[in-house]
Amino acid sequence: MRSQSLLRLLGGAAVALILGFLLLPGLVVTLAAFNSRAILSFPPESWSWRWFAKAIAYEDFQAGFRNGLIVTACASSIALVVGAAFAFALDRYEFRLKRALETVLLSPLVVPHFTIGLGFLILAAQVGLARGYAVVVACHVVLVLPFVLRSVYISLRNLDPRLELAAASLGAPPRRVLTTITVPLLLPGLVSGWLFAAILSFNEFTASLFVTSQRTQTLPVALYNYVREYADPSMAAVSVIYIVVTATLLILANVFLGLAKVLAVEQPR
Amino acid sequence: MSSPAEGKLSAPPVAPASRTSGGEHFAVALDGVTKRFGKTTALDDVSLMVRRGELMTLLGPSGCGKTTLLNLVAGFLTPDSGEIAIAGRRMTDVPAYRREIGIMFQNYALFPHMSVAANVGYGLRMRRIAKAEIARRVGEALALVKLAGLEDRKPRQLSGGQQQRIALARALVIRPQVLLLDEPFSALDRNLRASMQVELKEIQRKLGVTAIFVTHDQSEALSLSDRIAVIADGRIRQLDIPDEIYRHPLDRFVASFIGDANVLRARLERIDGAVATVVLGAARVAVPARTLQGGAVGDPVDLFVRPEGLCVAENEAAAAVHGLVAAQIYQGGHIDLYVEVPQAVSGRVLLRVPSHEGASLRPPGTRIAIALAADAAVAFRAA
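Chains as they are written, first to last, in numbering that gives the first Met the number 0: chain A, 0 to 268; chain B, 0 to 382.
Worth flagging that the hints you see were computed from the coordinates, not collected in a lab.
Note that beta-carbon positions come from the ideal geometry of N, C-alpha and C, so glycine has one too.
Keep in mind that a hint or two might mislead.
Straight-line alpha carbon distances no greater than 20 Å define the calculated SDA-like cross-link-like pairs of lysine to any residue that follow [claimed, not checked]:
hint : chain 1 : residue 1 : chain 2 : residue 2
1    : A       : Lys97     : A       : His112
2    : B       : Lys153    : A       : Thr179
3    : B       : Lys153    : A       : Leu158
4    : B       : Lys145    : B       : Ala116
5    : B       : Lys153    : A       : Leu184
Chain A side only, calculated, beta carbon under 10 Å to chain B, not exhaustive [stated by the list, open to error]:
hint : residue
6    : Ala52
7    : Lys53
8    : Glu163
9    : Pro173
10   : Leu177
11   : Thr179
12   : Leu186
From the structure, some residues in chain B lie toward chain A, with a derived Cβ separation under 10 Å [to be verified]:
hint : residue
13   : Ile100
14   : Leu123
15   : Ile270
16   : Asp271
17   : Gly272
18   : Ala317
19   : Ala318
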């Protein structure tokens, strides 16, 4: 009995350590954001909200936030449509080079973001495209597509084809099977795919650095430009805002769809 | 296993009328239907006529083609050749959603995101029927399967048996031309299965709906069906009422797939019109001659006898073979008696004796004489 409770204690300590290790950076940054002094230091000696106020009022951050939202909304939505189409094709049809396409689309990113950004930069220059939103969005679509595709593809695999057959036998033409059975049952997969894409796109820095201009720079790029000149806690404040927004999105997804389902942990029957 | 030629013999009783009658008197008519998947032929030139109001069972081992046949009738697959008609209408190229078919799957395939009422009413909504009418017919259908009052539940809140009833109600509420049942009972436990079988049969008879039922469970087929089509290797081996299938199997496959069978080595003595005589041990046994076509006098044959076709001989004169009791297993109403008999292909035969005759009378090792009941055996040429 004694050795068992000791084991449980050790196990609990291990879990606490791992959690602490994972949460540590976030914690440090959060605390640093409330420092009243104009340096990034830890732990802070006195507390203040002033860096939040400064970050929110700072024009580059405002523009970066707005640009980021535009790029994220466009890129994840386009990626969702394209990714869902590819996922359907991979799941339902047989065609030449299917294996190859599957490998390319589903493999974890082999090509670094750096390379993708550089590639789009060269391409954009080649076709004489100004460095507008189009290039940034296109670049982000490529970056997040595998994640959307994988999410929808897994949901499709878990969808019992007999549900669609049953609907057809009951008189539903293909389009109505899609709208009344397939899409509603895929919704958690579609939402989670979009959500992952949105979070990745909104946080993406490396490739964005290449393809954005002063006019289209996203928030991470704006932060980078800021940190090259200043080192005050307003960046930490922005980080805290980031964490809060992402957590809010995930909580909303959990409330409306169930996080287990969204993250495809629970296999739908 | 019989030769392909033998398998072909069983098809004609249903085939010839199909082309001329156009299936007018039949709920479902298949004419020379072939379906291939790559190099495998799942169904090979199958013709089948299902009568109005009939419960037809497609029985066979897994992979025999019975589910393919069901999917062809449903319209989920298209045949490579041949024609399919439902209620006299040619359906070969008609998509599933215009075939007026009710189908019940093994896992029920209830829509998980819809309530019970929405599941049952789905087919009616697709037909753009007025809301009040839908509600009325859904209520009727739920009452039919004895689940009135569960309208607002979700499928996952129901037991397996309840889910099955919902699936049945959903399939029946559209008043289908034919009800297709794909191994519907295999996921239920034994007790529930038996009561659901009785209930399904009652509902089917009450509504007079034509049903095609797919199963690999021969006892289920025998107890439920009006007629059984025994399928193996993509062909119909025999099509008949359950009693004929059980007592007069047309080939070795049917004989061994359905029910328990004792196989005994015998010799063909004479073919006399429709009756053949074979010699088994000390006895001469009359069997139908049609399963011995082409056999010559003196050929070895295999005699198939059901356990209830064998009995302990009262006297030596009646005995056909002798053997030593190997085991007796008390089964309540009867006793399974395993007897080692030299003529048996597997070395032993199974007898069912009434348990009131007393188990203790024949302990293992007892030598007993075994007799054959009249009209209880069929013979096939030795494999």
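The hints, checked one at a time:
A C-alpha spacing of about 25 Å is found between Lys97 (chain A) and His112 (chain A), which places the hinted pair above 20 Å, so the restraint is violated. Taking the CA atoms of Lys153 (chain B) and Thr179 (chain A), the gap is near 16 Å; set against the 20 Å cutoff, the hint holds. Between Lys153 (chain B) and Leu158 (chain A) the CA atoms are separated by roughly 18 Å; this keeps the pair inside 20 Å, and the hint holds. Taking the CA atoms of Lys145 (chain B) and Ala116 (chain B), the gap is near 14 Å; set against the 20 Å cutoff, the hint holds.
Among the hinted pairs, Lys153 (chain B) with Leu184 (chain A) is consistent with the structure: their alpha-carbon atoms are about 14 Å apart, no more than 20 Å. Interface restraint check: Ala52 (chain A) against chain B, minimum CB-CB distance 46 Å, threshold 10 Å, status violated. Hint on Lys53 (chain A) is violated. Least Cβ distance to chain B is approximately 48 Å, over the 10 Å limit. Interface restraint check: Glu163 (chain A) against chain B, minimum CB-CB distance 9 Å, threshold 10 Å, status holds.
With its C-beta approaching chain B no nearer than about 8 Å, Pro173 (chain A) sits inside the 10 Å limit, and its interface hint holds. Because the beta carbon of Leu177 (chain A) sits about 12 Å from the nearest beta carbon in chain B, more than 10 Å, this interface hint is broken. About 8 Å separates the beta-carbon of Thr179 (chain A) from the nearest beta-carbon of chain B, less than 10 Å, and the hint is met. Annotation: Leu186 (chain A) was flagged as interfacial toward chain B, and the flag holds, the nearest CB pair being 9 Å apart, inside 10 Å.
A hinted interface residue such as Ile100 (chain B) counts as satisfied when its beta carbon comes closer than 10 Å to some beta carbon of chain A; here the least separation is about 5 Å, so the hint holds. Given the 10 Å rule on beta carbons, the hint for Leu123 (chain B) holds: about 9 Å separates it from the nearest Cβ of chain A. Because the smallest distance between the Cβ of Ile270 (chain B) and any Cβ of chain A comes to about 50 Å, over 10 Å, the interface hint for this residue is violated. Using the Cβ-Cβ criterion of 10 Å, the hint placing Asp271 (chain B) at the interface with chain A is not satisfied: the shortest such distance is roughly 52 Å.
Here the hint on Gly272 (chain B) is broken, as its CB sits about 49 Å from the closest CB of chain A, past 10 Å. The interface hint given for Ala317 (chain B) is broken, as the beta carbon of that residue sits about 56 Å from the closest beta carbon of chain A, more than 10 Å. This hint is violated: Ala318 (chain B) has a C-beta 55 Å from the nearest C-beta of chain A, more than the 10 Å allowed.
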